[in-house]
Amino acid sequence: MNAVAVEGVWKFYGDYPALRDVQLQAEAGSSLALIGRNGAGKTTLLRAIAGFSSPGKGKILIMGKEPRDTDTRRLVGFIGHGISVYDELSAFENLALFGRLYGLPDPRAAAMHWLERTGLERVHDGLVREFSRGMRQRLAVARAFLHNPSVLLLDEPFTALDDRAIAVLQTLLRDARAEGKTIIMSTHQLREALELSSHVALLSRGQVAFHGPCTAEMIADPGLVYARYGEG
Amino acid sequence: MGFFHAALVIMMKDLRAELRTKEAINASFAFALVILLLFSFAFDPEADTTKALSGGLLWIVFAFAGTLVLNRSFARELPNDCLDALVAAPISGAALFLGKALANFVLVMAMELVSLPVFGIFYNVHWANQLGELLMVLALGTWALTVIGTIFSALTVNIRLREVMLPMLTYPILVPALMAAMQLTMQLVSGNAIGPETVTWLKMLIGFDVAYTAVSLFLVETVLVG
Amino acid sequence: MRDKILFVFGVVAMGILAWNVNAIARLPEETQQGVTFKIIFFHVPMWMCATMAATVALLASVGFLVTKNFKFDAAAVASTEVGLAFTTIGLVTGSIWGRQIWGIWWTWDARLTSALVCWILYAGYLMLRKAIEEPTQRATFAAVFSIFAFIDVPIVVFSIKWWRTQHPQPVFWSGGSFPPDWTHHLMWNMLAMLLLGIVMTAVRLRQEEAQREIDSLRRMAHAL
Numbered sequence: 001m002n003a004v005a006v007e008g009v010w011k012f013y014g015d016y017p018a019l020r021d022v023q024l025q026a027e028a029g030s031s032l033a034l035i036g037r038n039g040a041g042k043t044t045l046l047r048a049i050a051g052f053s054s055p056g057k058g059k060i061l062i063m064g065k066e067p068r069d070t071d072t073r074r075l076v077g078f079i080g081h082g083i084s085v086y087d088e089l090s091a092f093e094n095l096a097l098f099g100r101l102y103g104l105p106d107p108r109a110a111a112m113h114w115l116e117r118t119g120l121e122r123v124h125d126g127l128v129r130e131f132s133r134g135m136r137q138r139l140a141v142a143r144a145f146l147h148n149p150s151v152l153l154l155d156e157p158f159t160a161l162d163d164r165a166i167a168v169l170q171t172l173l174r175d176a177r178a179e180g181k182t183i184i185m186s187t188h189q190l191r192e193a194l195e196l197s198s199h200v201a202l203l204s205r206g207q208v209a210f211h212g213p214c215t216a217e218m219i220a221d222p223g224l225v226y227a228r229y230g231e232g
Numbered sequence: 233m234g235f236f237h238a239a240l241v242i243m244m245k246d247l248r249a250e251l252r253t254k255e256a257i258n259a260s261f262a263f264a265l266v267i268l269l270l271f272s273f274a275f276d277p278e279a280d281t282t283k284a285l286s287g288g289l290l291w292i293v294f295a296f297a298g299t300l301v302l303n304r305s306f307a308r309e310l311p312n313d314c315l316d317a318l319v320a321a322p323i324s325g326a327a328l329f330l331g332k333a334l335a336n337f338v339l340v341m342a343m344e345l346v347s348l349p350v351f352g353i354f355y356n357v358h359w360a361n362q363l364g365e366l367l368m369v370l371a372l373g374t375w376a377l378t379v380i381g382t383i384f385s386a387l388t389v390n391i392r393l394r395e396v397m398l399p400m401l402t403y404p405i406l407v408p409a410l411m412a413a414m415q416l417t418m419q420l421v422s423g424n425a426i427g428p429e430t431v432t433w434l435k436m437l438i439g440f441d442v443a444y445t446a447v448s449l450f451l452v453e454t455v456l457v458g
Numbered sequence: 459m460r461d462k463i464l465f466v467f468g469v470v471a472m473g474i475l476a477w478n479v480n481a482i483a484r485l486p487e488e489t490q491q492g493v494t495f496k497i498i499f500f501h502v503p504m505w506m507c508a509t510m511a512a513t514v515a516l517l518a519s520v521g522f523l524v525t526k527n528f529k530f531d532a533a534a535v536a537s538t539e540v541g542l543a544f545t546t547i548g549l550v551t552g553s554i555w556g557r558q559i560w561g562i563w564w565t566w567d568a569r570l571t572s573a574l575v576c577w578i579l580y581a582g583y584l585m586l587r588k589a590i591e592e593p594t595q596r597a598t599f600a601a602v603f604s605i606f607a608f609i610d611v612p613i614v615v616f617s618i619k620w621w622r623t624q625h626p627q628p629v630f631w632s633g634g635s636f637p638p639d640w641t642h643h644l645m646w647n648m649l650a651m652l653l654l655g656i657v658m659t660a661v662r663l664r665q666e667e668a669q670r671e672i673d674s675l676r677r678m679a680h681a682l
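Protein chains in written order, with my numbering: chain V, 1 to 232; chain S, 233 to 458; chain E, 459 to 682.
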């Protein structure tokens, strides 16, 4: 079964199609790396899948349901360009807040659990605005994993992270894969991403230029997909 | 999670974040003080004239100072793309809107309740003769201000000149509600209860609140997701 | 084909206006208000057209939110702009009449005030559009605002019943002393204004669509 199915999706900015007839599937338990140049439509596509914007044409289904369906949103974890936590609240308050919004049975316990897993338990009552950049990023990761989502959508997750945050995220993503969760991530860090991925999709000017399994060849030479299917 | 529970969680979040920094509420109250001061130069602050002008004066103060709170409402979500996380959470856009509107209501009401005695002292007016009805009018007028201000705060959060656009869009829509609130407040501060002549204004104010609350709750999902 | 229809509409409107203005000029002066009264032949159609434009803008806005088709967005902005032009002329003609009859350019009676509020509201709509870059967001937010603004429009039309006012009672609704052959001329003027409004809206609509196409081509060029 497809965990995520993108069926003939178009997204317009005015008359300009940012996504053109995008067709993409991710099987449950698979991990898809979304690559492509800046402006190719990676972020637009991920945001449409996450339900932040509705596609102009076509359909997106997550576990067979619309992205804006309340039940669907419980299944999805998203990391975007911003950290999406509040500077004025403490790390614990932030996670407890989202735990409540996701209707977790024990938001406080879940918050503590994820603070431990991201190595932030010592500073749990520190305000986020006092955190270093790396700590903020780890908290962002904790927020996305908090409700135990079965589909993870990550928009260039490695880009702004420091070493420790990258290590934390990689461990969490490996665990997630082992637990059979579905991952879609857009990325420029090909090597990190391809190691974690079972599939690759190349977006070029809003269209899918290549979509297929990730091979040993690609991992050995991350530029290969671009060279073969890209715009050269 | 239930609709009202979700709204409550959002409201508490906004209030907690605001009370940590007190940015908006302090600015709002300080601004209210400044306008109250300036009005004392605009006319001779004697008890009789002041009572006749009180409705207009107070609601201009409230609307202007309230905008500072409303401007912050969705702007608060901007710095770390927090709005994304709220939109992604499994709560309806209407609950998110209601929570934010309620938080704004509490903050604007707080500013108003502090400003009122200050107004009474500065202008030597016994404003509390009809306290119960005055508080009701205050609440209804403030809800009109917050419901329109909150939805427009969402409309203007991403655009250039946000600070100017919000009042530009908010006040004209609010004219009927402000008119009603001004008339009622003037009567009540003067010590007259709401009678058959003024009750039309009260009905209009309630109608305004109900209509625009309904439309806002209905349209907010479109504003947030597009 | 569309061009020709618009052209015909425009010519017909001008023809009617030329003939009708001539006819109105020959009508006898009203007993109390004199020649100033004749401004009503322009003032009333302006407000009718403005109200109609606001309604079209509302329907187009709702249409956009439902279908996400940018044709509706273009229709909304076109009819709002034309409606705003009519509102401006309505305010100006009303003001001239007020100067002659009441002796003042402006009075803060309920209907005038609400009309001014509507004018500011729809001007705000255009300002909001100007401030938003991204076309889909611009169209969506503008449509939402248009719906909010339209809810204020019934307050304008019915405010005369809600508030005490010094504006003259509407001549046809209260069965005033408007002679039937005068009504006739008023109707012709209304038709002419309406045709004119349609022509202007259509021209503006087409310009808006061309603008959108240019924007998308520019984006396309940047993406290359």
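No lab work stands behind these hints: they were computed from the structure. The reader is advised that the hints may include incorrect statements.
Said to hold, decoys possible - Facing chain E, from chain V, some residues (calculated, C-beta under 8 Å):
id	residue
1	G14
2	D15
3	Y16
To be verified - For lysine-lysine, the following BS3-like pairs were computed, each having C-alpha atoms within a straight-line distance of at most 25 Å:
id	chain 1	residue 1	chain 2	residue 2
4	V	K65	E	K526
5	V	K59	E	K529
6	E	K462	V	K59
7	E	K529	V	K57
8	S	K283	S	K435
9	E	K496	E	K588
10	E	K462	V	K57
11	E	K462	E	K529
12	E	K526	E	K588
Please read all numbers here as calculations on a predicted model, not as lab measurements. Beta carbons: idealized from backbone N, C-alpha and C, even for Gly.
Do the hints match the structure? See the list:
1. G14: holds (3 Å)
2. D15: Holds, because the Cβ-Cβ distance from D15 of chain V to chain E comes to roughly 4 Å (cut-off 8 Å).
3. Y16: holds (4 Å)
4. V:K65 with E:K526: The hint holds at about 21 Å.
5. V:K59 with E:K529: Roughly 22 Å separates the two Cα atoms, so the pair holds.
6. E:K462 with V:K59: Not OK: K462 of chain E and K59 of chain V at ~41 Å, beyond 25 Å, violated.
7. E:K529 with V:K57: Status holds; Cα separation ~16 Å.
8. S:K283 with S:K435: holds (23 Å)
9. E:K496 with E:K588: Roughly 38 Å between the alpha carbons, so the hint for K496 of chain E and K588 of chain E is violated.
10. E:K462 with V:K57: Outside the cut-off at roughly 34 Å; violated.
11. E:K462 with E:K529: Distance ~21 Å between K462 of chain E and K529 of chain E Cα, so the pair holds.
12. E:K526 with E:K588: holds (19 Å)
In terms of the numbered hints stated before, the structure departs from hints 6, 9 and 10, listed from lowest to highest.
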